[in-house]
Amino acid sequence: MTEVEQVAAALRQLGAEEAQAQVMAAQLIKRAGQIAEERGIEKVAALAELLRLVKAGREGETHEPSN
Amino acid sequence: MPRSRYFKYQAGAQLSVCGPDAQEFLQGQFSNDLSAMTVDQVVYGLWLNRKGKIVADSFVLRRGEDQFVLLSYFCGTAAIHERLDAYLIMEDAELEAASEGPRGISVWGEAAQARACAALGIELPSEGAFCEGQGPVVAFWGRRGAEPVLEILFLEGKGGAEARIEDVDACLAELGAEALSEDELAALAIEGKTPQIGRGFGELDLPQELGLEVDAVSFRKGCYLGQEVMARLHAMGRVRKGLRIVGIEDPTTFSQAELPVDLLDDAGKRQGQLRSVAYSKFGGVGLAVVSSGFDGACLRAGEVEVSLRREGDASDD
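Note that the protein sequences, when read in sequence, are chains A and B. Quick note, the numbering used here runs 57 ahead of the 1-based positions in the first sequence. Quick note, the numbering used here runs 15 ahead of the 1-based positions in the second sequence.
For reference, chain A alone in the conformation it holds in the complex (with noise of 0.2 Å):
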């Protein structure tokens, strides 16, 4: 299973259709590369905290940095 694959499983659980998860999947992987790079972490760290930020979301919690 790729790793859009197995990002796209978790998007579907939480109610996304199939085209709608692959396509979500590949960009929420893109932009983890791009947070991981920024910041010195693990990608799949950064992967693990925007499916988070995804659950919250579709759950109706608000987000808001820290400024």
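Since the hints were derived computationally from the structure, they do not count as laboratory data. Among the hints, erroneous ones may be present.
Said to hold, decoys possible - Heads up, simulated SDA-like pairs for lysine to any residue below, C-alpha to C-alpha not over 20 Å straight-line:
#, chain 1, residue 1, chain 2, residue 2
1, B, K66, A, K87
2, A, K87, B, E106
3, A, K87, B, D81
4, A, K100, B, K66
5, A, K87, B, D36
6, A, K100, B, R65
7, A, K100, B, Y102
8, A, K87, B, C33
9, A, K87, B, I104
10, A, K87, B, E109
11, A, K87, B, G150
12, B, K66, A, A113
13, B, K208, B, G298
14, A, K112, B, A101
15, A, K112, B, D100
16, A, K100, B, K208
17, B, K236, B, D36
18, A, K87, B, K236
19, B, K23, B, G298
20, B, K208, B, E189
21, A, K100, B, A101
22, A, K112, B, R65
To be verified - Residues of chain B clear of chain A, computed beta-carbon distances all greater than 10 Å:
#, residue
23, S31
24, Q42
25, Q56
26, D100
27, D107
28, A134
29, G148
30, S233
31, K236
32, R247
33, R255
34, D265
35, Q288
36, S322
Stated by the list, open to error - Computed beta-carbon distance windows for the label pairs:
#, chain 1, residue 1, chain 2, residue 2, range
37, B, L219, A, E95, 23 to 31 Å
38, B, L219, A, K87, 31 to 39 Å
39, B, G175, A, G72, 50 to 58 Å
Where a beta carbon is used, it is the ideal one built from N, C-alpha and C, also for glycine.
Given chain A, work out where chain B should sit, using these hints.
Just chain B now, kept in the frame of chain A:
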């Protein structure tokens, strides 16, 4: 006709936002409407937090189909980057912060504006648009007070930008244009009731408290961060504080570092805050955020008495 004047500066922020989802991402974050923006257009607006308070301001310039640049006079690149980075989750867009704000020159007066553009080989921009020339250099209409001001900013390059600014400086000096000081710039902003976001104004404030809802907030664009608060305030019709120009006998009493200073009434009750001060041709002036319920003429800032200018008092004649 406005006198020819200019001011050389280094802007606080420059960021680029690129990618197929760049416009959609920015539209979901910015207080003004970017949906109808075409290439070569510029829109001024704000980045708000969830509570509707101002995090920073920016001019958003669309340089290409998927390419935007954000510029701010006084807000730092880091503040805008942090605000956007925190909400960039799934959009296909990339943020790139410049290592330092771009060098620029503000120009007042039609003759000076035309001369500056000619010196740089660029057209004078129309309202809501920007012109770009080699360098790259961009020119657009800014917000420094009541008078139209042309902003010329060199987006990259340090030594090269400095040399070209000196060329423009020489052209303007030859025309007899006057170089403004920081204090004169602040006085223009105060007299024009144009708050300098990032310098005394911003994180404590709602756009409506600074009169920015007219130019910097769209009430029709739909969802963006802070939009719920904006919509609610718009429906209610007014906020409890507003901008007031004040007269101060000796503005050097306060340094910018000491501001804001609380403004107290005769009973010692806090009625507002003095946020910026300058010395203009009308004497010492300041811009304050004052409770809408206060109808007196004077307040105290420490030991100093400040007089509130009544709405409609002449300032430019």
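Here is what the structure says about each hint:
{"no.": "1", "hint": "B:K66 / A:K87", "result": "violated (30 Å)"}
{"no.": "2", "hint": "A:K87 / B:E106", "result": "holds (10 Å)"}
{"no.": "3", "hint": "A:K87 / B:D81", "result": "holds (17 Å)"}
{"no.": "4", "hint": "A:K100 / B:K66", "result": "violated (31 Å)"}
{"no.": "5", "hint": "A:K87 / B:D36", "result": "holds (13 Å)"}
{"no.": "6", "hint": "A:K100 / B:R65", "result": "violated (28 Å)"}
{"no.": "7", "hint": "A:K100 / B:Y102", "result": "holds (18 Å)"}
{"no.": "8", "hint": "A:K87 / B:C33", "result": "holds (14 Å)"}
{"no.": "9", "hint": "A:K87 / B:I104", "result": "holds (10 Å)"}
{"no.": "10", "hint": "A:K87 / B:E109", "result": "holds (10 Å)"}
{"no.": "11", "hint": "A:K87 / B:G150", "result": "violated (32 Å)"}
{"no.": "12", "hint": "B:K66 / A:A113", "result": "holds (19 Å)"}
{"no.": "13", "hint": "B:K208 / B:G298", "result": "holds (16 Å)"}
{"no.": "14", "hint": "A:K112 / B:A101", "result": "holds (16 Å)"}
{"no.": "15", "hint": "A:K112 / B:D100", "result": "holds (18 Å)"}
{"no.": "16", "hint": "A:K100 / B:K208", "result": "violated (47 Å)"}
{"no.": "17", "hint": "B:K236 / B:D36", "result": "holds (17 Å)"}
{"no.": "18", "hint": "A:K87 / B:K236", "result": "violated (29 Å)"}
{"no.": "19", "hint": "B:K23 / B:G298", "result": "violated (24 Å)"}
{"no.": "20", "hint": "B:K208 / B:E189", "result": "violated (31 Å)"}
{"no.": "21", "hint": "A:K100 / B:A101", "result": "holds (16 Å)"}
{"no.": "22", "hint": "A:K112 / B:R65", "result": "holds (19 Å)"}
{"no.": "23", "hint": "S31", "result": "holds (14 Å)"}
{"no.": "24", "hint": "Q42", "result": "holds (17 Å)"}
{"no.": "25", "hint": "Q56", "result": "holds (27 Å)"}
{"no.": "26", "hint": "D100", "result": "violated (8 Å)"}
{"no.": "27", "hint": "D107", "result": "violated (6 Å)"}
{"no.": "28", "hint": "A134", "result": "holds (39 Å)"}
{"no.": "29", "hint": "G148", "result": "holds (31 Å)"}
{"no.": "30", "hint": "S233", "result": "holds (22 Å)"}
{"no.": "31", "hint": "K236", "result": "holds (20 Å)"}
{"no.": "32", "hint": "R247", "result": "holds (16 Å)"}
{"no.": "33", "hint": "R255", "result": "holds (23 Å)"}
{"no.": "34", "hint": "D265", "result": "holds (35 Å)"}
{"no.": "35", "hint": "Q288", "result": "holds (20 Å)"}
{"no.": "36", "hint": "S322", "result": "holds (35 Å)"}
{"no.": "37", "hint": "B:L219 / A:E95: 23 to 31 Å", "result": "holds (29 Å)"}
{"no.": "38", "hint": "B:L219 / A:K87: 31 to 39 Å", "result": "holds (37 Å)"}
{"no.": "39", "hint": "B:G175 / A:G72: 50 to 58 Å", "result": "holds (52 Å)"}
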